[in-house]
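Participant: Given the coordinates of chain A, assemble chain B onto it according to the supplied hints.
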Amino acid sequence: GAVVSQHPSWVICKSGTSVKIECRSLDFQATTMFWYRQFPKQSLMLMATSNEGSKATYEQGVEKDKFLINHASLTLSTLTVTSAHPEDSSFYICSASGFEGAFFGQGTRLTVV
Amino acid sequence: AQSVTQLDSQVPVFEEAPVELRCNYSSSVSVYLFWYVQYPNQGLQLLLKYLSGSTLVKGINGFEAEFNKSQTSFHLRKPSVHISDTAEYFCAVSDQRRGGSNYKLTFGKGTLLTVNP
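Read top to bottom, the protein sequences are chains A and B.
Following this note's numbering, the residues of the first sequence are numbered contiguously, the last one being 113.
Following this note's numbering, the residues of the second sequence are numbered contiguously, the last one being 1117.
These are calculated hints, taken from the structure and not from any lab test.
It is possible that part of the hints are untrue.
[As the list claims (entries may be wrong)] Only pairs whose alpha carbons sit at most 30 Å apart, straight line, appear in this in silico DSBU-like list of lysine-lysine:
{"hint": "1", "chain 1": "A", "residue 1": "K20", "chain 2": "B", "residue 2": "K1104"}
{"hint": "2", "chain 1": "B", "residue 1": "K1109", "chain 2": "A", "residue 2": "K64"}
{"hint": "3", "chain 1": "A", "residue 1": "K41", "chain 2": "B", "residue 2": "K1058"}
{"hint": "4", "chain 1": "B", "residue 1": "K1109", "chain 2": "A", "residue 2": "K20"}
{"hint": "5", "chain 1": "B", "residue 1": "K1049", "chain 2": "A", "residue 2": "K41"}
{"hint": "6", "chain 1": "B", "residue 1": "K1109", "chain 2": "A", "residue 2": "K55"}
{"hint": "7", "chain 1": "A", "residue 1": "K55", "chain 2": "B", "residue 2": "K1104"}
{"hint": "8", "chain 1": "B", "residue 1": "K1109", "chain 2": "A", "residue 2": "K66"}
{"hint": "9", "chain 1": "A", "residue 1": "K66", "chain 2": "A", "residue 2": "K20"}
{"hint": "10", "chain 1": "A", "residue 1": "K64", "chain 2": "A", "residue 2": "K41"}
{"hint": "11", "chain 1": "A", "residue 1": "K64", "chain 2": "B", "residue 2": "K1104"}
{"hint": "12", "chain 1": "A", "residue 1": "K14", "chain 2": "A", "residue 2": "K55"}
{"hint": "13", "chain 1": "A", "residue 1": "K66", "chain 2": "A", "residue 2": "K55"}
{"hint": "14", "chain 1": "B", "residue 1": "K1104", "chain 2": "A", "residue 2": "K66"}
{"hint": "15", "chain 1": "B", "residue 1": "K1049", "chain 2": "B", "residue 2": "K1109"}
{"hint": "16", "chain 1": "B", "residue 1": "K1109", "chain 2": "B", "residue 2": "K1058"}
{"hint": "17", "chain 1": "B", "residue 1": "K1069", "chain 2": "B", "residue 2": "K1049"}
{"hint": "18", "chain 1": "B", "residue 1": "K1109", "chain 2": "A", "residue 2": "K41"}
{"hint": "19", "chain 1": "A", "residue 1": "K20", "chain 2": "A", "residue 2": "K41"}
{"hint": "20", "chain 1": "A", "residue 1": "K14", "chain 2": "A", "residue 2": "K66"}
{"hint": "21", "chain 1": "A", "residue 1": "K41", "chain 2": "B", "residue 2": "K1104"}
{"hint": "22", "chain 1": "B", "residue 1": "K1069", "chain 2": "B", "residue 2": "K1104"}
With the rest of the complex left out, here is chain A (with noise of 0.2 Å):
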């Protein structure tokens, strides 16, 4: 099956510094990615669709100053977050878009002290 390899699965940060995290489709190639956040005990919230070669389309009310997505080519995908604070501490999935459906990432566990 399709692999998406998300890199780090766990990061720890200073308020105030950036943290970039990885979306890798393994073995098929995305022109769409697609990045969620996950809150405790809750369900998938997306945050924005990520188009190779264009900008990211962000949904409403993610701050796309914050969230800077960027899709370089076919097997990847990075988002960053920058001036990271305490509540943006959280669960981020991507997910890759191939033809037989959408393949997730194993997650980032984004921890902000």
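Facilitator: Chain B alone, transformed into the frame defined by chain A:
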């Protein structure tokens, strides 16, 4: 726009018992349907999907689901559960109009399946 309702937030069952996790959706257009499983602190693993064809879909780990268009449901079933099936299960839909490789998903709130010995 679509919405997904998972009617049960928690489902406790005993090992080897059958289980059904319910999912209903609302949409003004045709949709694709998915079930995912999430273990603690992990991403989502695709259990099964309905894209077209037979309305009875078989997935991994012995799970199956049936698409019922008239009832707008896509319930997940397993005839005999194991302790290892304890996890969070998410039902999701995607608008068919978006095309074959653009699965923007709308998720239900999830159902925690707890299998007890």
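Participant: Holds or violated: are the alpha carbons of K1109 of chain B and K55 of chain A at most 30 Å from each other?
Facilitator: Between K1109 of chain B and K55 of chain A the Cα gap is close to 29 Å, so the pair holds against 30 Å.
Participant: Can you confirm whether the C-alpha distance between K14 of chain A and K66 of chain A stays at or below 30 Å?
Facilitator: With a Cα-Cα distance of about 16 Å, the restraint between K14 of chain A and K66 of chain A holds, given a limit of 30 Å.
Participant: Does K1049 of chain B lie within 30 Å of K1069 of chain B when you go C-alpha to C-alpha?
Facilitator: Status holds; Cα separation ~15 Å.
Participant: Regarding the pair K64 of chain A and K41 of chain A, is the alpha-carbon distance no greater than 30 Å?
Facilitator: holds (25 Å)
Participant: CA of K1049 of chain B to CA of K1109 of chain B, is that 30 Å or under?
Facilitator: Judged against 30 Å, a Cα distance of about 18 Å means the pair holds.
Participant: Could you grab the alpha-carbon distance between K1104 of chain B and K66 of chain A and see if it respects the 30 Å cut-off?
Facilitator: Roughly 22 Å between the alpha carbons, so the hint for K1104 of chain B and K66 of chain A holds.
Participant: With a cut-off of 30 Å on the C-alpha distance, tell me whether K20 of chain A and K1104 of chain B pass.
Facilitator: holds (23 Å)
Participant: Check whether the Cα positions of K1109 of chain B and K64 of chain A lie no farther apart than 30 Å.
Facilitator: Distance of about 25 Å is within 30 Å: holds.
Participant: Verify the proposed pairing of K1109 of chain B with K41 of chain A, using a straight-line Cα cut of 30 Å.
Facilitator: holds (9 Å)
Participant: Is the straight-line distance between the alpha-carbon of K14 of chain A and that of K55 of chain A 30 Å or less?
Facilitator: holds (28 Å)
Participant: Is the hinted pair K55 of chain A and K1104 of chain B satisfied, with a Cα-Cα distance of at most 30 Å?
Facilitator: holds (16 Å)
Participant: Take a quick look at whether K1109 of chain B and K20 of chain A sit within 30 Å of each other, Cα to Cα.
Facilitator: holds (27 Å)
Figure legend: structure checked against the earlier numbered hints; every hint is met.
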